Each structure stands twice: as structure tokens, then as C-alpha cells.
Amino acid sequence: MVAPHSLSRHYTFTLLLSGALVLLVVILYGSFLKHAEKNRFRSQLLSSSFQVHATFHDRIEKAQNHVSVMQLAIEESLAYPVFAPNQASTFLKKYHRDSPKSSPWDNLPGELKFLLGSLHIDPARNLPKSNFQRTLSALFPMLPEVVSVHQQSSTFQWSYFFDSGARWFWVYPAWSRSELLRATKSTNTAEAIRKLLRHQGMAPLDLAGPKVNPNRQQVWTEPYQDFGGKGLMISLLAPVYSNNQYMGAVGTDLAFQMMENVFDSAPLFLGHGVVFDGRRMLLADSQNSLVERDQSVSLDVAYPTFLEIARLVDAPAGLTETEMGVWVSLPFELTDWHFLAYVSKEQEEAYLLRQTFPYTLLAGIVTFFLFVLAWLQHSRFVRPALRLVEFVHEVQNNPYAYPKKIPDVWKYWFKRVSQTAIERHELLSKTRQHAHELEKKAIRDNLTSLHNRYFLEKTPPPWLQEKNRLGVLMRANINNFKAINSVYGHRVGDELLVEIARRLRSVFGDESVIRFGNDEFVILLSGTDELSINEGRGRFCEMMRRPITSHNMVLTVSATLGMSRYPGDGESIEELLRKANIALHEAKENRVGGLFFSDEMEKKTKRKVLIGRELEHAVEREELSVVYQPQLDANSGEVVGVEALVRWQNAQLGNVSPVEFIGIAEANGTIVSIGEYVLHHSMKSMSELWTQLPQSGGGLRLTHRPIRLAINVSVHQLLCTDFPEQVIRLHRQYQEKGVTLVVEITESLFIDNVDRAVEILTSLRSSGVAVSLDDFGTGYSSLSLLNRLPIDELKIDKSFVKGIATDKGSRTLIGSIIGIGKNLSVSVLAEGVEHAMEVEMLKGLGCDVFQGYFFSRPLTTEQLKCFLYEQSKV
Numbered sequence: 001m002v003a004p005h006s007l008s009r010h011y012t013f014t015l016l017l018s019g020a021l022v023l024l025v026v027i028l029y030g031s032f033l034k035h036a037e038k039n040r041f042r043s044q045l046l047s048s049s050f051q052v053h054a055t056f057h058d059r060i061e062k063a064q065n066h067v068s069v070m071q072l073a074i075e076e077s078l079a080y081p082v083f084a085p086n087q088a089s090t091f092l093k094k095y096h097r098d099s100p101k102s103s104p105w106d107n108l109p110g111e112l113k114f115l116l117g118s119l120h121i122d123p124a125r126n127l128p129k130s131n132f133q134r135t136l137s138a139l140f141p142m143l144p145e146v147v148s149v150h151q152q153s154s155t156f157q158w159s160y161f162f163d164s165g166a167r168w169f170w171v172y173p174a175w176s177r178s179e180l181l182r183a184t185k186s187t188n189t190a191e192a193i194r195k196l197l198r199h200q201g202m203a204p205l206d207l208a209g210p211k212v213n214p215n216r217q218q219v220w221t222e223p224y225q226d227f228g229g230k231g232l233m234i235s236l237l238a239p240v241y242s243n244n245q246y247m248g249a250v251g252t253d254l255a256f257q258m259m260e261n262v263f264d265s266a267p268l269f270l271g272h273g274v275v276f277d278g279r280r281m282l283l284a285d286s287q288n289s290l291v292e293r294d295q296s297v298s299l300d301v302a303y304p305t306f307l308e309i310a311r312l313v314d315a316p317a318g319l320t321e322t323e324m325g326v327w328v329s330l331p332f333e334l335t336d337w338h339f340l341a342y343v344s345k346e347q348e349e350a351y352l353l354r355q356t357f358p359y360t361l362l363a364g365i366v367t368f369f370l371f372v373l374a375w376l377q378h379s380r381f382v383r384p385a386l387r388l389v390e391f392v393h394e395v396q397n398n399p400y401a402y403p404k405k406i407p408d409v410w411k412y413w414f415k416r417v418s419q420t421a422i423e424r425h426e427l428l429s430k431t432r433q434h435a436h437e438l439e440k441k442a443i444r445d446n447l448t449s450l451h452n453r454y455f456l457e458k459t460p461p462p463w464l465q466e467k468n469r470l471g472v473l474m475r476a477n478i479n480n481f482k483a484i485n486s487v488y489g490h491r492v493g494d495e496l497l498v499e500i501a502r503r504l505r506s507v508f509g510d511e512s513v514i515r516f517g518n519d520e521f522v523i524l525l526s527g528t529d530e531l532s533i534n535e536g537r538g539r540f541c542e543m544m545r546r547p548i549t550s551h552n553m554v555l556t557v558s559a560t561l562g563m564s565r566y567p568g569d570g571e572s573i574e575e576l577l578r579k580a581n582i583a584l585h586e587a588k589e590n591r592v593g594g595l596f597f598s599d600e601m602e603k604k605t606k607r608k609v610l611i612g613r614e615l616e617h618a619v620e621r622e623e624l625s626v627v628y629q630p631q632l633d634a635n636s637g638e639v640v641g642v643e644a645l646v647r648w649q650n651a652q653l654g655n656v657s658p659v660e661f662i663g664i665a666e667a668n669g670t671i672v673s674i675g676e677y678v679l680h681h682s683m684k685s686m687s688e689l690w691t692q693l694p695q696s697g698g699g700l701r702l703t704h705r706p707i708r709l710a711i712n713v714s715v716h717q718l719l720c721t722d723f724p725e726q727v728i729r730l731h732r733q734y735q736e737k738g739v740t741l742v743v744e745i746t747e748s749l750f751i752d753n754v755d756r757a758v759e760i761l762t763s764l765r766s767s768g769v770a771v772s773l774d775d776f777g778t779g780y781s782s783l784s785l786l787n788r789l790p791i792d793e794l795k796i797d798k799s800f801v802k803g804i805a806t807d808k809g810s811r812t813l814i815g816s817i818i819g820i821g822k823n824l825s826v827s828v829l830a831e832g833v834e835h836a837m838e839v840e841m842l843k844g845l846g847c848d849v850f851q852g853y854f855f856s857r858p859l860t861t862e863q864l865k866c867f868l869y870e871q872s873k874v
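Residues 1 to 874 (full-length UniProt numbering) make up the sequence shown, in order.
Derived from the structure by calculation, the hints contain no laboratory data. Among the hints, erroneous ones may be present.
Below, a list of computed lysine-lysine pairs in the PhoX-like style, where the Cα atoms sit at most 25 angstroms apart [said to hold, decoys possible]:
id : residue 1 : residue 2
1  : 62        : 865
2  : 603       : 684
3  : 822       : 808
Bear in mind that the values here come from a model prediction, so they are computed numbers and not experimental data.
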């Protein structure tokens, strides 16, 4: 027996060693925490730098795209004139009749002058008539793009075109002659133009011209003070050529204010960030604003302490650590600009101290309390135990020292240890027995007594371990089993499953049949070739064809099979089950009795899963857009409305067709959020478009003054609790702003809940929302049901329209649909109209409204605006 004093020393040593180990762990933890925080700090610095860099890159790219569009628009218009030359000729004649202090351009209405910008001509210079006509006419096609860019973004201050002969120039936004003369401190237009062209740092005609820019590339100017009073600017220029003749230069200006706003919208995590060009002229500074300066400043002058800047500019992009601190250097691919971020050693150390100090302090406090707790445990439990051992040791050495009465504290410990041991033994015995019983029950299905999914996963078939054996796993799903439960009740459904299980067991054996789920069975066949596989499928189909009698009813059911082969499709039960499930779903989609798994099925399934996952974030990532296809009156040819159609452009999947993603969206429920986005976005866009269209005096020729907007609504969206209130609220809100709403539904909506659907649609119609029955003729509606529906329009499916010219049956069916519409006093719209012959035949049959590619493809808001203007001129 160990002596009591030896045990005490051993315990004390163990306590001290444990304390030392805990202290060592605290020190190591502090070191690890500092290292982790250092890595996290640098990761965040690098991440924020990339974010700032990406924002600057986006603005550079937008500027280059904007200038490229203007350049290409003018050059294409010069090569292929769009506007008649007499427009420019008329303007030129009127200009020469006016006084030099004004021009026909100045006399334009304010709204039109805002859309067209302003034109300034040197009256003292003779304009070559033909060149001026061509160039001025070439400006018009690019005006919508310039106006759209300036309205959507505040990045660009001015967009302009300078004539190569320095005789005239055009600028947007509009700049009146008085503003031009006041800004340039000039007495006449000629002097103002010369000052603009010779302005320090700009000189657009020289920088873009063939001498300085023989390669005809886009060029950036040096920073300069803007004449218009908007502070420091930098311009992007591009030459315009026609038949290799230098016609002038287009350009756009970026204000330093807009550059420095990047650091507000995407701030650095910590430190100091600058952007400079290839001449090391500062373009943006996160700490010292450049906006108030009178002139630009170089990086070397502003920050001479950046000793390693030359090496960092030439070094690879990324994070670099030096004695001064941490640098992030990122060049811009589109230009010679460079982004640089810097955090000093002092800033980094201060940040790390702030981050790690609370955790280090907490670890020290926890260590202290652990020591206190250990000491209390020693006093409460260990010391009495040592006294007990000491007494036993004395009794062993001297039997006469054994007391007549055992101290109560020792009785307690003897009784506690014995009772705990007995209780644990009994508990373990009962637990083992109960677990054994549960495991026996767990491998059998309670209803059918077949082996269940747990048994299959725990005990795979023996042939799965033999490489030379062949096997087939079949997943059988009972078709329309939910409908059987709904119509006949769960008792009939259960009896049906029991009978199917009995038949499967009799055909394939107890060990080969698994009840995998509610209405699904798994059948395992081993050592099979193609002949035996076909035999197995034949026996299964034969068994399923036999009617089943339950509660004096004769039921005939069918099943769909999904099959996977071993070892070709997988070597584990999980892999075979997964691939058989893919084949099962493919068979159900194609409405065939059974299919074997193939690699194409898996690719298709993975794409569906990816589409479903990406759809969940499509709205928040702003990946969705809406286009609009015009609807025209069959008799007058006037635009009577538009249909809103959703489009999806995903970074990973690219442009995904609505045919591909709408069904997946309805299956996973994202169709509700997509529908809400289309509803809000399209109504807002159409109301804004309506306010921009003239309503009289040669304006837009609409059958109704408001824009009739048709929105497709799915059954999931329509049956949402708050959908009717939401639609009615939006309709009332935007009806005053020129938009009336049409809800387009399909016949499948009425299959499951006719009364509820009719109630909702009646509520919408009573509030002024029109209802259109889409894809009519392809669904399940009966004439009696159609008479109940509160609809305003029947929409003929494009599949019927496509065959009207060649298929007599299609013509007859369309004529019947139009007749139904007339009898119900609702309008009839034909979609998918693509040929003139289809238009004439539909007119002859009495169709009211047309929609299709023959008239217009789906258009963006800006394209629709142009389309409506063109229609108003017809």
C-alpha cells in the first residue's frame, strides 16, 4: 500500500504540473491567436483592397464602354447614314439666317434640348457643307445611349464630340452659349472653342489625332481643372474616322469627386489607399481629398516617404510586407493606372493588440479560477480521502488501532461507491437489452413486414462485395399513390401497400425486397445479364397489372422503375440508390415505365440542382431582368399593351432560358419571390415610361391612354395569402401613373382548387385588374368550367398559331377558340405570330390582338420606348 505522505506529494506534484500545463496552453493560445488575427487582418486588408480595386475597375470599364459606344455609333452612322442629310442641311441654313449670338439649337424646347445636349459652332469659320451634314447626322443615333448612360450613372460629367477642324463641337448635358462663354471667360464662340482645345492637360484633338495616336486607341488625358466648375477632371478620348479621314474626337469626363467617392462606397479595412496613373499623378486619395486642389499633384511630391513605390509598381499584384509595413499593390488591366494600399507596422500592431487583448485576459481569468477550483476540490474531497487512506494504513500496521465505531464520513463514502456500482450495472444491462430489441424492430417495416431502409444501409447485399458478380438495383414508385390516399382514405392505401409487398415477396423473395419509403420499394437482383433483367422487369410489370381488391373496390395501379447496375453505376449501396433515384425521376418526367441510369441523366440532374440553388439568390444578386413584348390591335395595328417576361443572367450558368428555370422555380418555391420582383419592377418601369411619352399633339397612338401590362402568375403565387391584397394595392398605386394590370393564368391553376382560384380572381376583377387565360387549349378546362371563370381575355397558345398556315386542324381549333371568346364577350389574343400569312389568316378568323416576333421581339424599357415612338409615326 502507498504511504499517505507519498500519495499527498504525488497529488501536489500532479496539481502543480497541471497548473504549469494550463499556463503553457494559455501562452501558446495567445501566440496562436495573435498569428491567426494577423492572418485575418491581412486577409481583410487584401479583400477590401480588391473591393476598392474592383469598384475603380468598374468605373474605368464603364467609361471605356461608353466612349466605345459613342465612337462606334458615329463611325457606323458615317458609313451607313441613318438620318436624311436634309435634316442637317435645314439646320445649317437656319443657323446662317440667325444672328451669331444664338442658333437654332438654342431655340429648341427645353425638354428636347436636354435630350439632345448642346451644339456650338464657330460662326467665323466656313463649315464644309457635306462633312458637317454627315457628321451632325451621325450624332443622332448615339444620343439615346448617351442620355441613358448619364441618367443611370453619376460617374460621367460631360460627353462630347469635337470636330477635327476645331470649327464646332457638341456636348451633353446641354451647355448654353452664355454658360460656355462665362466658363471659358471668352467673348465669342470661336475664342471659347480655342480655349477648350488648348486647355492644359486636355487638348482632345491633339491627343486623339493621328500624330499622337496613330493606332487609334482610347487615350486618357492628364488631370486638369474643369471649365464647368466641377473641379479636377480626367478625360477619356477616342478618335472618329470615316474612310481613313480623321473626323474628330469623342470623349467623356470623370470628376475627381466621383473617383474619391469610391473610398466611401467601398472603404479600406485599415490604412491608406491611393490611385495614380502611369505618370504617377494622383487620381484618388483615401485620406487627403484632391477635389479642393487647384491642380493635380504627383505621388512623389505628395508622399515622398513611399520609398519602395517603384519596386512595388513593377512587382506582381498582391500583398507585400516590408520594414515599413504591409503594402497591397494592384494594377488595372484596362489602363496604366495603379492602386496602392499601405498599413504601417504601428497600425498593424495596435490593431492586433486590440483584437487579442480581451481573449488573453479572459484566458488568464479562466486559468486563475481553474486553480481556485482545483484547490477547493482538494479541500472538499481529496483531503478526506487521504485521511481515510491514512487510517487504513494505521489499521493494517496495528490491528488494535481499529476503532469500535467507523466515522460517519467513511460510512458515507463506502455506501456511495457500492450503490453507484450496482446502479450502473443494472442500467447497462437494461440498456443493452432494450437496444437489442430496438435493433430487431428497426430492420423491419411495421406495416408490410419487409426489410426497411435501415436494414439495407446496415446490411448491403452479399453480391455488392464481389467484383465478378453483376447486380441491378430497382427503385419502384407507385404512381398516383397520394391521390389514392386522398380519394379512398389511408386505410385503403395501407391495404394496397400490404398486398403489393406480399406479391413482391412471393416473386423476388424476402431478402431481395425492401420497403424504402411511403410508396417506394427497392428490389435487388444479383448475377443478372440483360435477359434476366428483362425477365425481372417483366415479372414486376405482370405483378403490377393484376387488379387489387380492397373494401369491395377493384383498384388497378401502376409503378415507375428507376434502375442502376452494379458495378458499372457504382460500388456502394448509397451510389446505386442515388443513381437509381435519378433514373426514376427521369422516367417520371418522360412518362415511361422505367429507365436505366445514364451519365447524361446525372449531368441533367446536377444542372437542375445548380439552377435551383442559384435561383434562391437570383433576386438579391440582381441577376433578373424584365423585357416587354408589345401586343397590337389586329385592326388598327396600334399598341394596346405589353407582356412582361423575366430573363435570368447568372455568373456561373450564363443566360438561362425561362423554359428551363421556371419549372424548377415552381418546384422549390422561388417562383413566389421571382413573381414579386417581376410585378414590382415592371409596374414601376412602365409607369416611368408612361410619364416620358407624349399623350397628345402627335404623341403615342394607344388604344387606351394607360399602358396595359400583362404579368404571368403561377399557382403558387396566386394562392399566397397576401397576393390579392398586394396586387390590388399596386394596381391602385400605379393606375394613376398610367399602368393597368392584366394577370395571366394557365388552366392548370384550376385543377386542384377551383373554388379558391375563382374567388381570388373575382376579387381581383372587382378591383379593376383584368384576367387573361394563357395557353388556352393546351390544358384541362371544360366549357362548363370556362363559363364560371372571371376572365377578360383568351390567349391562344403559340403551338396552334405555328401550324395555322399548313394544318387545317389548327385553323379549325383557333376558329373555335375565337368563337368561344365572342360568345363569352372576351377578347382573343394570339401569341407567337411570326409570319405575314399567319397575321392575315388570324384577322380573317376574327382574332382581336396579336403578339409575336413578326411585330417585335421582347424589348428592354429603352428599346420599348423607341418602338412606341416609331409606332406613333406610322
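Status of each hint after checking the structure:
Annotation: proposed proximity of residue 62 to residue 865 holds, straight-line Cα distance about 23 angstroms (limit 25 angstroms). Annotation: proposed proximity of residue 603 to residue 684 is violated, straight-line Cα distance about 39 angstroms (limit 25 angstroms). Distance check on the hinted pair: residue 822 and residue 808 sit about 21 angstroms apart at the alpha-carbon level, within 25 angstroms; holds.
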